[in-house]
Amino acid sequence: MLSKILGIFKSSKKDKKEDDCTPGNRLKEFNVFSSLDKNIEFLKSILSKSEDIVYRQIETNENRYALVYISGLVDRNLIENQILKPLMDLRLQSLLTDLSDLMDNLITVSDISKESNFFNLINNLLSGETLLFCDGISDALVVNSKGGEKRGIEEPFSEQGVRSPRESFTENIEDNITLIRRRIKDTNLVVKFYSLGERTQTKTALIYLADNAPEHVITEVQERIKSVNVEGLVASANLEQIIENHKWSIFPQIMSTELPDRVVKCILDGRVAIVVEGSPYNLVVPGTLAMFFNSGDDYYERTIPASLIRISRYISFFFATTLPAIYSALTAYHPGMLPTSLVLYITGTRIGLPLPSVIEMFFMLFTLEILLEAAIRLPKPIAQTVGIVGGLVIGQSAVQAGLVSPLVVIIISFTAISSFTLPYYNFAMVSRSLRVFLLIGASLFGLLGVVVLWILIIIHVASIETFGVRYLQDFFSFKKEKVKDTFLKVPYELLGGKQEALKDEDKK
Amino acid sequence: MKKELNGVDVLSFVIHGAIGVRLLTLPRDIIEHANNNGWISVLVSGLIAFYLGFAFYWLCIKHPGLNISQIVEVTLGKLLGKIIMVGIFVYIILSIGLSLRSTAMSIKVFLLDTTPLLVLILIMIIPTVYAVSKGIKTMSIVLDILLPIVLLAIAMLVGLSYKKIEFQNLRPVFYGGVTPVIRGSLNLVHPYLGIGIIGYIFPSINNPKSTKKWIFIGTAISLAIYFLMVILTILVFGPEESKILVWPTVSLSKAIQLETELFERLESLFMAVWIPVAFTTLLTFYYSSILNLKALFNTNKDHLIIYGQIPLIIIIALFPGNIVELYKYLNWVNIMAMFLTFIVIPSMIFMTLIRKRRMTQ
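Taken in order, these protein sequences are the chains called A and B.
Sequence positions in the first sequence follow the numbering used here and run 936 to 1443.
Sequence positions in the second sequence follow the numbering used here and run -14 to 346.
Simulated from the structure, these hints should not be mistaken for laboratory data.
A couple of the hints might just be wrong.
Okay, derived cross-link-like pairs now, DSBU-like style, lysine-lysine, Cα gap no bigger than 35 Å in a straight line [unchecked claim]:
{"id": "1", "chain 1": "B", "residue 1": "K286", "chain 2": "A", "residue 2": "K1200"}
{"id": "2", "chain 1": "A", "residue 1": "K1182", "chain 2": "B", "residue 2": "K286"}
{"id": "3", "chain 1": "B", "residue 1": "K122", "chain 2": "A", "residue 2": "K1182"}
{"id": "4", "chain 1": "A", "residue 1": "K1161", "chain 2": "B", "residue 2": "K279"}
{"id": "5", "chain 1": "A", "residue 1": "K1182", "chain 2": "B", "residue 2": "K279"}
{"id": "6", "chain 1": "B", "residue 1": "K279", "chain 2": "A", "residue 2": "K1200"}
{"id": "7", "chain 1": "A", "residue 1": "K1127", "chain 2": "B", "residue 2": "K122"}
Isolated chain A (complex conformation) (with noise of 0.2 Å):
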């Protein structure tokens, strides 16, 4: 019934799928003309809008030949070594009568292949490859000549650890294939590649072991990743948003991370990982709550300090997001569970407050949310001040001008930093979300409000379920094995393979 609701926003863009005759497709009924003019003439008008494609064309005693590239996605020293100058070297002349022998005996690149229509010569163009024309054929070439300035593979950003290794994905979909190749060697990992967006064409790779992940969730991952239809696809944030079960749910339900050997342990547990270029944050999907909560050190960490370190995670996801909740319930609703000195100490300082005790929670939650928004943008040099702006200035002097009492100040301090233990950022967006819900519950209806909200929270956890695999599946159905790696965390040799759980839901 909400789903219905909510349906209200969908727009109806969905009709332009109806739309064959875009100017792309309309290119796959073209195919190289034997002429060499009128090759370039026809690249010339299409490409008309774009002034930095380079036309070189090139004259031997044997023939004409053109080579088109664009001048910012390609590498200018293997076009100019590798190509122009055994084209333009004398003593090959003779060699040349065919495009094949061009291909097989004198352009020294390795990644060489023949195309004749042109959509997906445009395409190539527009990934970064070099188009050689020979006149008289109706055959291009394409050579892989792509380079251009890309990021180096540097630290992580936002995902620190103390033991794990400091390699993170940089934007380049090679790059990143590789650093997941370096550590899995394997015949039966899978890459996929898939271009999506109309204008974008992102390419996008699914990896995964074929003999590993469960059948049902690589089919559910190919078949949404074929049906995304977006004008543009700029980030793996946005294909998240596209594949995801439940959009509207507060908790997010596939894992992104910019660390390789996080990637690799997951696709060892048998989940699908999805690549896409121009994003540092790769996908792993189907994302459980159990991943959530386990960082990539405990793996590296000895058990019994891992294990407590886990549970204390929990604790302070519970504490981030019910801590206001309940001091609100219980001074406003049940001030008679506190112990006397406790009471009395709180009455004391809430002498000539003027607002009432939600309210100033209310309050300071807000300037919360909001010194944590302006953390993320500040300047560098800003940021240090506004650290001791939001500290000092807004926190002790609200105290002292009498606005809000110091313990809320320390509780809502204590519930900052609470919600940065978990490793795994964007889930502290979940208890800030909880957080605002719960202290409402409570200010309406006291601990009850509180403890009816979170089964609420419960219930809507437990329905959620991403690709086939429930959320929780780590959590319910009393097995051993299932403690292994949630709450406790186990020497890894036992830890066995998750596989096994990911394919409970395959019995049906």
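Add chain B to chain A, keeping to what the hints say.
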């Protein structure tokens, strides 16, 4: 129906179905009849509990793929079956409504005094309807997650009241004879009939034979919990005082005083922990009611059935004028439960046996 549950999921269904809001008031009812031999009553009622567990299991194994309402129709004939199903519907609806009222009243007394009853009732209905509309797998996961809370609440109560126990309250044993003990044990039929939820979830279980062990364990745990509650009440308060306590279990938590000054007024905390327990029982009964109505009217229209019962339940919940009337109606419900347990179910078993004999001939 898809077979989504495993055998072990039955455990949480059984415990949640049996342990409900009645646990708060039950010791008083039993002790009223059986005086300080109430704990023997509970042990005797254990026979009823195991009989119920076994009866449901057996009936569902013999009729695979059908839930208990459909089995009623199959074994007792269409006309009689429909009448019994209407009776089951009335029983369940009254159960839900009155339990809801009981929960709301205890929340009102111990947690939020000034909130009107209707609001409390609505608050309890919302998660129930939400959970039921999400399907049985979700329900099973929710019950699994909330199971430790039930056990935690009981453990907390038991662990913290040990100081106030006086063993002499147990004597004299068997003073009034055996009959009061039996009368006391009959009070427990209504809670134990909550085990009947397994009759409705059997079609969704993967390997039905493996549930036998879990039904046994679940029933044993529920029995143990009731036993602990009753015996604690007797030990701490003594029979005379227990008879005048309206909510003996909550009064038990009131009697607890922690050494450290961490929490006062523990009964509010106890009530807060009790809310999920009450909620889960409501959930299991609600689900049974939905499946019962679906079998009665032979339809698959979820929405009308799920949301249509809400007004009825609210009316029933608001109907009793005060707590005395509430207990009068709960007694009627208990009598209905006894009727179902001791007349309807044996006849179903009997008919199934006859049918089997006819088929093998």
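The hints, checked one at a time:
For the hint linking K286 (chain B) to K1200 (chain A), the alpha-carbon distance of about 45 Å lies beyond 35 Å, and the restraint is violated. Distance restraint check for K1182 (chain A) and K286 (chain B): the Cα-Cα separation of roughly 26 Å lies within the 35 Å cut-off, and the hinted pair is therefore satisfied. Taking the CA atoms of K122 (chain B) and K1182 (chain A), the gap is about 21 Å. The hint holds against a cut of 35 Å. For the proposed pair K1161 (chain A) and K279 (chain B), the alpha carbon gap of about 39 Å is over 35 Å, so the pair is violated.
For the hint linking K1182 (chain A) to K279 (chain B), the alpha-carbon distance of about 31 Å falls within 35 Å, and the restraint holds. Taking the CA atoms of K279 (chain B) and K1200 (chain A), the gap is about 46 Å. The hint is violated against a cut of 35 Å. A distance of roughly 34 Å separates the Cα atoms of K1127 (chain A) and K122 (chain B); the hinted pair therefore holds under the 35 Å criterion.
Consistency note: the structure conflicts with the earlier hints numbered 1, 4, 6.
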